[in-house]
Every structure is written in C-alpha cells, then in structure tokens.
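K.L.:
Here is how the chains run, residue by residue.
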Amino acid sequence: MSEFKVVGKPMPRDDAWAKVRGELKYADDFSLPGMLYAKVLRSKYPAAKIISIDTSKAKQLEGVRAVLTAKDVPHNETVTRFGQSSEVGKGFEGLYRVLADKKVRFMGEAVALVAADTEEIAEEALDLIVVEYEPLPGVFDPVEAMKPGAYLVGENGTNIIGDFGCSQGDIKKGFAEADIIIEDAYQVSFVDHAYLETEGGISWIDDYGVINIRVGSQVIEHFRDVADVLGLPHNKVRYIGTMMGGGFGGKEDITVETYLALLTWKTKKPVRLVYTREESILCHSKRHPFVMKYRVGAKKDGKLVVLDAELISDAGAYPYLSPWVTLYATVNAAGPYCIPNVRVKSYCVLTNNTFTSANRGFGVPQPNVVYESLIDEFARKFNIDPLEIRRINCLTTGKALSTTGQVFKTHVALPEVAEKAWAALGEPAECPDGNKKIGRGLAIGLMSYGRMTFLHDSSRSYVKLESDGSVLIRSGIPDLGGGQVSMLCQIVAEELGIPMSRIKIYYSDTALTPLAGTTTATRQTYMSGNATLKAAREIRKQVINKAAELLNVNPDKLDLVDEKVVVKYNRSEFLPLIQAIKACNNAGVELFCEAQFNAPFTITPDLSNIRGMTFPDFTFGAQAVEVAVDTETGQVEVLKLTTCYDVGKAINPLSVEGQMEGGSIYGMGYALTEEVIMEKGITITPSFAEYIIPTAADVPDVKAILVESGGGLGPYGAKGIGEPSCSIIAPAILNAIYDAVGIRIKSLPATPEKIIRALKKDYFKK
Amino acid sequence: MSQFKYVSPKTKDEALEILQEKKSNACIIAGCSNVLPNIRDKKIVSKVLVDISDIEELKGIVGEKDKIYIGPLTTITELVNSEVILKEGNVLHQAAEQFADPIVRNSATVGGNLVDASPAADMAVPLLTLDAILKIESVGQKKDVQLRDFFIGPGETILQEDEIITGIEFESSNINKNGCFIKLGLRKAMAIAVASIAVNLEIKENKIAQVRIVMGSVAPTPIRLTATEEFLKDKEVNDELIEKAIDKVREEVNPISDIRASEEYRRYVSGILFKRAFKKLTLAN
Amino acid sequence: MEEYKVELTVNGEKISSLAKPEESLLKFLRRNGFTEVKCGCEKGECGTCTVIINKKTVKSCIMLALQASGKEILTAKGVEKQELGRKLQESFVNTGAIQCGFCTPGIIVTAKNYLDQNPVPDREEIKKAISGNLCRCTGYKKIVDAIYDVAVENQK
Amino acid sequence: MKKLEIEFTINGKKRKFFVKPNDLLINIIRNDLFLTGSKYGCGIGECGACTVLLNGEPVLSCLTLAVTVDGKEITTIEGLARGDELHPMQKAFLENGAVQCGFCTPSMILTATALLKENPNPTEDEIRDYMRGNICRCTGYIQIVKAIESCVTGGKTS
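Chains as they are written, first to last, in the working numbering: chain A, 151 to 916; chain B, -10 to 274; chain C, 372 to 527; chain D, -7 to 150.
These aren't lab readings, by the way, just hints derived from the structure by calculation. Don't take each hint at face value.
[Unchecked claim] If the Cβ cut is set under 7 angstroms, some of the chain A residues that face chain B in the computed set are:
1) E270
2) E782
3) T823
4) I827
5) E829
6) I834
7) P836
8) E840
9) I842
[Claimed, not checked] Each computed DSS-like pair below joins lysine-lysine, with the alpha-carbon atoms no more than 27 angstroms apart:
10) D:K64 x A:K419
11) A:K207 x B:K54
12) A:K194 x B:K32
13) B:K264 x A:K911
14) B:K237 x A:K916
15) B:K269 x A:K910
16) B:K269 x C:K499
17) D:K8 x A:K416
18) C:K442 x B:K(-1)
19) D:K5 x A:K418
20) B:K(-6) x C:K448
21) C:K398 x C:K442
22) C:K398 x B:K(-1)
[What the hints assert, rightly or not] Label-pair restraints from in silico Cβ distances:
23) B:D2 x A:P287: 39 to 47 angstroms
24) D:N113 x A:G213: 37 to 45 angstroms
25) A:G576 x B:N195: 22 to 30 angstroms
In this text, a Cβ means the ideal position worked out from N, Cα and C, and glycines have one as well.
This is chain A alone, in the form it adopts within the complex (with noise of 0.2 angstroms):
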C-alpha cells in the first residue's frame, strides 16, 4: 500500500466514548430479573485439613436459594488450560480444585459457594457454615519446600511442580576466560494486578438451557473448562466477555465464572458474584515471587562469556500458569545479550501462600532485574559507560538467544533504543536540597510477543462488507482496555478504504464471534491483527477485481481509498465502492471472509534443556531514569522515566504510547512501593491502603519514544508491546539508586528503610 490513512494514526479508540459517558456496561454494570446474589467462603488457614463441613443452618436461612461444597461439584478436580490447540502434556496442566476438598492449601482459598435474594443473606450464610479445620504446619518459603522431607503442600511427592533448563558452550571454560566473576543473589515480591475492577460476572440459563456467562475474562475459551467441571458438552456453556476493567494476567486463569455456572445450574436462576478488593487480593493470583542466584563472568573490555542462574519461583498453593512463567523465565535469564557459555536451572515450587499465575509479564521482568543489575555492576567495575557495556554486549540482527539459540531473523533494534531512552534524559536535574542526591540508571530487556510456538497458536477474524458499504467485524478478542478491539477496525478501515465510523465490531462472545484466543502473551496485534488483515485483503481483492472488470483496468492497479475504487496516480478515475460492492453482489461474489492466521508451530521442546525456537519473536527495548534519593529518609523519587521500543509499526501510536507510559509506572510500583505481604501464608496487605500503587502525585511525566523498525511479525511489520513495555523499567531504577548513593538493593521493591539500612549501616549494627 503507498501510504496509510488510518493506520498509523493517533485516533480516539472506537471504545473511548462509551468509557467517558460512563455509557460501558462492564461485568457488574449489567443485572438481570430475579438475580441471585453469591459469596464465596474461603479458608481461614493456608494449610489444614477439613475434617467436616455443615452447611444446614446456612440452607435453612430464608432467601437462600443454594449452598455447594466440593461434593456438589461435578468435576471438582481440574486442570488449568488456556486454550492452546496443541497438546503439551502433563508437565505444563496444573491441577487445581474448583472448591477445597479434604484439605486446604492457602489462605483465602474456596471452601463452599452461596446463592440468595440479597448480598446481605448470603453474607449471613456463609457465617451459618461450620467448617472443621486441623491445622497443618504447611510451607511458605519455595526454597525450603524444595527440600527432602519438606511438608508437602500437594498429593505429590514433592512440592517441586515445574524443572527446565537450557545451556549453551561450556561454563567451566567460561568462568576460567572471566576476568571479572559476579556472584549474588536477588529477590522479587508478591505483586497484585490491581486492576480498579475486580473479577466480577453474571450467569444465566437461556431458552435453550445453555449457561450464559457474562464474564470480564481475558480468556474466553475457558468455557470449555466449565463445561467439563459441570459434565457439560462444551456447547452447552457460552462465554459472553465484557469489557475489562483491566487484565494484566490476572483475568487470564478462570476467576469467578465457574462458580457463576455451578450456582445457576443449581438454582436455575441468573447469579451475580463480583469480588471486593480484599477478596481480589487475598484470593487471586500473583506475580511470582523468585529467587534468582547468579555467577556471571566478564573480560576486561566488558566482553560477557558465562552466566550461570538458577531461578525458583514460588508457585503458591496450586500450579495454574506457574510452569509456563517458569519457563518464560529460564528463556529470558540471559536477557538480550551474547554469552558463549550459559547455564540455566529454573524450578517452580508449591508453597501454601496464595497461587500465582499470570501478571503482565509473565516470568520475564523478574531475572530481567538481576541481569540488568549485574551487567550495571560490571560497567562500574571496568569503570565503562552504562550504554556502551550494552553496547558491547546485545544481540543484534541474525545473532541468537544465549539461552535456547533461538536466532533472530528479524530486525533487532538494539542497541538503538537503549541510545534513544538514555538521550532522552536530557540534562541532569538540579538537585533539589542538600539531603537529596541525584542518580540515572539504564535497562534494556527483550521480551516475547505471541504464544510459545508449540503451542500451535492461531486466530480467527471474519470480516464482511455490508450492501451500503458499512463493515462488520466479528472477533473473539477480548479487549482488556489496550485498544485490542479498536485495532481491528483500524485494520479494516484501511485496507477497505473506509472511515473508523462506517465499522461495527462484535467482540468476546463464543456464540457469536470465532475464537480469536487469548488476550494474553500480548499476541492480538500479532495474532489477531494477522487474521483480520487477512479476511479484510480477501475481500478487498474481490472488490478490487470486480471493479477492474467495470473500469476496464489491470487490478493491480486499483486501490480502495476514501470509499472508492481509485485509478492509483490518477485518483480523478475511480468507482464509488457502493458501486463495486452492487456489482458484486449482483454477479454472486462473497464479500464476506472468515480468515485464520497460524504462528509458527513447533514442536515441544525437550524442557530439561531447551534448544530452538520457542517464541515467534521478541520486542526490544530500553528505560532510563533518573531518580532523587533523600540519603537521610531512604526516599526515592523518580524525576524523569523514558521509554523506548521498536514496535514494529503502531497501528494506532496513542495505544501504543499508553502502553509503553502506563507499562512504566505499574513497573515502578514494582520497583518502589508494591508488594503483598504474606506472613505464613497469611496476606497483611489486603487494601489499597497496604497495597500500595502510585498516585497520579507520584509519578513523572513518562517520555515515550517509538522506534518503527517495520520488522515484527504483526499487520504491517508491527510488534507486541502490551507485556514487554511493564518489563524492564524495575533494575533501571535500582540503577539509578545505585548511581544516586552507591547501594545495591537486591530485593524488591526498594523500600525507604530498605535504602536507608544499607546507607547508615553504623546506625542500625548498635
């Protein structure tokens, strides 16, 4: 195509009226007649055994219309799927349990559902159910739940769910070449999606006895899954996603939908259940945790030749996503660098805290924060500048990852966003006071965007050009607030020469529109992108071929352009599109196309140690800041935070630039302020008042720089950017602390007395 006309654009998101008039009916905006209220009763321990539940003062309770145990449960035990098509084996499906039979494994966790005229009553049912626990001492810490003879959270014999590896050269020879040998060892935090709308849905039986789930899910696929906890044949469950009211990972696992299914088919009667904050936090999934020991060693010049890592992960009470984020993990552990010799270890462990899975990321910005800290540590060693020792040592272009050897076919634009973020600091600031000292830190990072490619990955899109000329999308994406559904409609606006407005799409609904997979692995422009373009260029190719036929000219010379089918360089002759759009329907030609696009298909790798293409391909970037540390109260303030990702192409760069803007401060939360504090298995930190996230007063101006290589495998060369652009902004900060006051900090999120203990050691040894 010569040049774009809506694709590329900065353009108002098809979606963004409706959010701003307050207009959106997400998950808890809908209701319907007759609606029955549900609650969840959720275990007081982290670990012990039922010895007897007795939910008859509950039942008798008027207005309760249901009360379910485990026993109620069709199909209790189940396994965590996300809609891959291929099969990947046991390794990678987690069991988990729809409600707590005979033993509870975390704190919070499901142990008897409830349904009722009012949320009143089924708060007071779940006080009228006596649940018998004894105690179980249980296991909090990964590493000591690794160990023989350590209590075990599951049925298994060991607590050790997840084990991969990789290698490449010979690290024995590596670490005798290093010059320089950098041991250590690094720690990240509990972290909570905390997105403003907690899971939430409603359920209802139709005409047709199917069970309709209306569901904030980034997974609609699941109803497949609730089908088979119910005994259902899966058409008999149909997934109805809402706009989301964020995601990041966190509405990827099944959140409240099963419940939802149980208590309707129950009671034959619509049910509402949406968390509150508490429940969201104590409840749901996390990000991982990790342990991260490295030995990394280097030449003189900074030249990198080995690295060493072993990485555990803490998996909490059930597996879910964990030996995926695992992996995840021990594919990035050498980042974007080239290593001659490397070793990987990862293991992914059962603990009795909460159950982590997915959150934006997913596995990559935890050894991202070592490797990052590491490599600034060397610079500062061979006293080399922060960019050149990158320089030295990042992939480029036809060069492989350290890790799997996968190699990089397509562009790789680094060193050239880690030049642009750290130019874009501009000019030191002045120092505000004598206490404070100012520091700038770098990071650069690469990150997947697609699923693991033996996965078998694809999506459906179906595109159909109405009489008048209008357009109708139907996809399967759910859109978590990315702007995922509005980048379709830019895609077909511009390939079928239409306005944004002449478009109408159908979203995130199994009964009505083809599954478009998971709005996760921040794989929809890829995916997504890829089969609605697909769709949209059949029929564009009929239209234009039809017209050629009226205007007696060679198709390739056509373009749809303005809703017309123009003569290109001589735009004076064209055909009105209505026009072409009559003909065709007159000579019987569909306009109309449901398309499938595939990602590469591998097949699965040997995970002890992990060789090949893995990934369809990587996004690069780099984030710089530069920080004011108060040396006397251990305070961090971010002054300036820059940004910088190829991303291919931008279909649209307002969406592009709120991800890479909001990716960077939920990345400094991480870094700063956020963890979920869990004492024995028992969450300290269950409000926005522990919990703690930035506030618009807290935050920098984020300068978001795109660089548009062209060179991703999306529509037009586009690449993913949703998780990559939260992934590498946490080390860039400790960084800039290091380079502030010279501390290290090694365990996140950096907190004021974390900074200060180090900086005033005399102090705190009386």
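Based on these hints, arrange chains B, C and D on the given structure of chain A.
P.N.:
Here is chains B, C and D on its own, set in the frame of chain A:
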C-alpha cells in the same frame, strides 16, 4: 443479620439526648471515611447511627483575639482554605494539606480524625503542638480537656459513650504561629504516615523560650516528646544541641514494627524528622 | 429490617427510594441505575466512585445514602451536560487518556470540579488534584495531558 | 398511597408483600416475583393468557386485586413441573404439538389441569366449553383439545 437504625439530630442538645438514651448502642457518624469501611468489615454491627453531620453549631472556624475555635465537624478542606488557620495555626494548615487526598479531605472532619484515635492521626499531631483544648459535652455537663490527656491507646480515648466533642480550641500566640509539620509516607497522596512530626517553637534572645514536639506513628498514640522539650528549653540553638536532641528524640519515641516500617527505622527517622522540622523553624527565625 | 426514605437529585433527576442506614451512597446510586459510578474498593482508597455534591467531590463509598438525602448529586453523566464536562470528555478521548476506562468517570468528575474552581492549573497542580483517583493503566501521563489541554484552552 | 401487607403461598413458597389497594395480581407475579410464565394479553379479561390457579381455581390475574389473595395459595405455570419432571399435562401439550407460539400455553395448561380436577372425564364439548375463556391464535385449538383428551384417556388426572 446486622440491624442498624439511623437518626440525624439537627441540634447539639438533640444529639446529646440521643446519646444519653442509646449509650453504647449509639455510633456517631459525620464524615464516615472510617465508619463506613468498619461497618462493611463488620467491625461495627447493629448500632444506631447518630448522624451529626447536619448540626451547624458544630461547624466552622472562629478566630477571636486570644483564641481560635474549630468546630469538630469542620472538614479538612475547610482547614486548608482557612486564613485564620494559615495565620494562627500554620502547623495544622501544613498537616491538612497533606491529609489523605483532596477528595477525602472534603468528607473527613477534624473531630472524626481525633476520636478515631489512630497513632498516625494527621490532625492530632499538629493540634497537640498547638496545645489544643477539647470542649466535651454530655447532657447537662460541659468540660474542657487537654488534648494531650485525650488519647489512651490505639483507637481509644477518654470520651464516654454519652459525650461528644463540641469544640477544639487553641491560643493565638507567637509559638502557635511558628510551627512545622512533616509527614513521611510511602507515597505522596493517600498515605498513612510511617512517621510524622509537628514542632512549634518560640525563640527569645537566641534562646528557646518555648518548644513543643509531637510525633505520630511512633507510639501507641500521637506522642508529645516532653523530655526532649525539657532538654531544649532555655538553650541556645546550635548544631551540637540539635545532634544531642536527635538522640533524645530517638530515646523518647516508642514505635512498633508493622507493614510500613520496622521499629528501628521509625526510631531512626524520628530523629531525622525532628532535625528537619527544627532546622526549618530556627533558620526561619 | 429498618429502611428509611432517601430523596435526592441525581444529575437533575429526582430519585426517591428506601435505603438501609448502613447503605453507602455508592451502592444506592448503582442500585438506582447510575452505574457510571464505579466500585473499586469501597474504602475510599481508589476514587472510582467520586461524585460531586454541592460543588465538592465526594467518594460515594464513604458516605451514607441517607446523608445525601435532600442533596444534589452530579455523576459523570451529569457533568457531561455542562460545557466543561463535555470539553474534558473530548480531551480525554482525543489524547488517548482512556484505556480500560474504569477510573475515567471518577477522574472526569474530579477534574471538572477542580477546573471549575481553578481554571488554569499547571501540570503539578493537576497531579495533586487527581491524586485521590487511582489509575492502573495509563501511568497518568495522558490523563494529565487531557486535563491540561482543557486548562490551556481556558486561558485563551 | 398507603400500602397493605399481604402474605400468600405461590408455587409452594410463602411470600410477604406490601401492596397498594389497586395493585393487580398479574403485576405482582410478573414484576415483583419475576414469574413471567403468566402472560399479559389484553388486561381486560378477554384472552385468558394471564390465568393462574387460586386455591386450585383458574382466575384471571389481570382482573384480580393483589389484596384479595391474602392468605390464599397460587399456582403459576412455573409451579407445575416437579424439578425436571414435567407435569403430565405439559407432556401432553408437547407430545400433541399443542404448542406453537407458546404465549397462551401456560394459561391453557393451568386451566386444563383445573378442568380435570373438577371433571376427570370430560367430553370434547365439555373441554371446549371449559377452555373457552382461553384464546389461542395459532393452533385452531384442535391439538390443544387432543392434548387434554390424551390426559383423560390416559386415565391420569392431575
């Protein structure tokens, strides 16, 4: 199921009579920024909610020549916007500007913040350095209570179930005009103090004529550092004195460890906050 | 169960309904169809439920429905009817200040009320003014841009 | 207007209500209890689509004041089946194709069960006579009558 009742007296006397009748069944509400979450968490059950938010006589700020009166129902926003407070009780004004966030400041009241009796209470700390007096009433009875005698422990005060605070007063004086409040939180808005300090100071002939030092979040209640005050009294201000005073402050505070910070850090940072507040005031003079 | 009559005006529309003493204004408004008022935490810690009462912003989750009786309430749909509200909406849409949109109604309400009283703030003042409204998606940059653009227009 | 408290049993469940003296039973059933099986057809007692059983007797809920059902027992179409087990009359309507658009069906079925209670072995004329208050626009009544007869010949009465 929890059964609540609701009354909204329009006058102080009406309210007092209701309290006398209902006693412990009554729960006074006004700004609700603490009460409603507590009701949700079932920490408050089956009470008569006595909504005093419409009682005009308990609102507003009056500056007389020798003292300043603050109605307990005065919102934090009203403190922020008050010329009188800015001039006569600047330390309170500084604290009000850092209270919670701009929206909550429109609901939360001074009286509510005091009776909530949090060790971190952002209004209690500056009012204590202003040496404020509370006017407390029950049916047929009025008494003045020193604010420093008001707090017993976390969430506990001497206020009886049939009493309400009907006024908060502090003197118009040089020392009250010269104060500094510093709050150390983990973020810039919606923060609960890790530690906070208010200092009011009067210097005559280069000597410390009068000083009041109060800290929040470093003891079971907001605490007045009388020993440190004694130590400073009548002394000349110099760096050596301040260094010594910092140690005194760290001895005198009695913090605990919680999710926001450890006991050790709080003790340490108390000294820093003192130094900063004190220097700010002495440099100003 | 003891219920009391609540009569108030929401966006100029008279609402009369029974409420339990402990019911929050937030629950009351949503129950009566004003779902543009969002529920994020029910503890006054996120600001998604912000409404305007007598020219003041209030987090409706920490106010009793009964306390709002007789009062005039403006939600996001109410400020939309005023020029400034409309301007803010357009600015939010055009600057891309909206992602998931869940915090948007609360922030628009806060911004509208703030600009009414402070027509030409700088960026830092705007950040302080909306520091009671959390947003998890945007990093606030484009939200501040959107409000600032309207403020700049006010200057002209 | 002052509201009066009434209590009645509907499909086996006791319900309490505060109603205005002029509230109609059909509105309570459809709008407050969400039992939408009872249909609103004409509002003047001409079509019978709103028929429910009051103490076993068919009544037109659009002409019945709610206050008058205080202490009585109401059955609507939703109360006929036992769980997933359909009432014989419901089965009969299905098997005899007596259901087309389905709007009159609930009232037809309820009236028919009442008929068989009163008169276990009605003739076709008696059936047509008893059912005359329930209008059907689709079926021409033949299959409806057949359905009811099938319950008679089946010897089952409800």
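K.L.:
Could you run down the list of hints and mark each one as holding or not?
P.N.:
Hint-by-hint comparison with the structure:
1. At a threshold of 7 angstroms, the smallest CB-CB gap from E270 (chain A) to chain B is about 6 angstroms, leaving the interface hint in force.
2. Given the 7 angstroms rule on beta carbons, the hint for E782 (chain A) holds: about 5 angstroms separates it from the nearest Cβ of chain B.
3. Nearest Cβ of chain B to the Cβ of T823 (chain A): about 6 angstroms, under the 7 angstroms cut. The hint holds.
4. With 7 angstroms as the threshold, the beta carbon of I827 (chain A) comes within range of chain B, its nearest partner Cβ sitting at about 6 angstroms, so the hint holds.
5. With a least beta-carbon distance of about 9 angstroms to chain B, the hint placing E829 (chain A) at the interface is violated under the 7 angstroms criterion.
6. With a least beta-carbon distance of about 6 angstroms to chain B, the hint placing I834 (chain A) at the interface is held under the 7 angstroms criterion.
7. Nearest Cβ of chain B to the Cβ of P836 (chain A): about 10 angstroms, over the 7 angstroms cut. The hint is violated.
8. At a threshold of 7 angstroms, the smallest CB-CB gap from E840 (chain A) to chain B is about 6 angstroms, leaving the interface hint in force.
9. Hint on I842 (chain A) holds. Least Cβ distance to chain B is approximately 5 angstroms, under the 7 angstroms limit.
10. Between K64 (chain D) and K419 (chain A), the direct Cα distance comes to roughly 26 angstroms. Compliance with the 27 angstroms bound is thereby established for this hinted pair.
11. A hinted pair counts as satisfied when its Cα atoms are at most 27 angstroms apart, and K207 (chain A) with K54 (chain B) does not qualify at roughly 66 angstroms.
12. Distance hint between K194 (chain A) and K32 (chain B) is fulfilled; the C-alpha atoms sit about 18 angstroms from each other, no more than 27 angstroms.
13. Taken as a hint, the K264 (chain B) and K911 (chain A) pair is honoured in the structure, with Cα atoms around 20 angstroms apart against an allowance of 27 angstroms.
14. For the hint linking K237 (chain B) to K916 (chain A), the alpha-carbon distance of about 16 angstroms falls within 27 angstroms, and the restraint holds.
15. Between K269 (chain B) and K910 (chain A) the CA atoms are separated by roughly 23 angstroms; this keeps the pair inside 27 angstroms, and the hint holds.
16. Only pairs whose Cα atoms come within 27 angstroms are accepted, and K269 (chain B) paired with K499 (chain C) is accepted, the gap being roughly 24 angstroms.
17. This hinted pair checks out: K8 (chain D) and K416 (chain A) have alpha carbons roughly 25 angstroms apart, not beyond 27 angstroms.
18. Of the pairs offered as hints, the one joining K442 (chain C) and K(-1) (chain B) holds, with about 16 angstroms between alpha carbons and a cut-off of 27 angstroms not exceeded.
19. For the hint pairing K5 (chain D) with K418 (chain A), the CA-to-CA distance comes to about 16 angstroms; that is within 27 angstroms, so the pair holds.
20. Restraint check: the Cα-Cα separation between K(-6) (chain B) and K448 (chain C) comes to about 32 angstroms, which exceeds 27 angstroms; the hinted pair is violated.
21. A distance of roughly 16 angstroms separates the Cα atoms of K398 (chain C) and K442 (chain C); the hinted pair therefore holds under the 27 angstroms criterion.
22. A distance of roughly 26 angstroms separates the Cα atoms of K398 (chain C) and K(-1) (chain B); the hinted pair therefore holds under the 27 angstroms criterion.
23. Between D2 (chain B) and P287 (chain A) the C-beta distance comes to about 60 angstroms, which lies outside the given range of 39 to 47 angstroms.
24. A hinted range of 37 to 45 angstroms holds for the C-beta pair N113 (chain D) and G213 (chain A), which are about 43 angstroms apart.
25. At roughly 46 angstroms, the beta carbons of G576 (chain A) and N195 (chain B) sit outside the given window of 22 to 30 angstroms.
Violated hints, in rising order: 5, 7, 11, 20, 23 and 25; the structure is consistent with all others.
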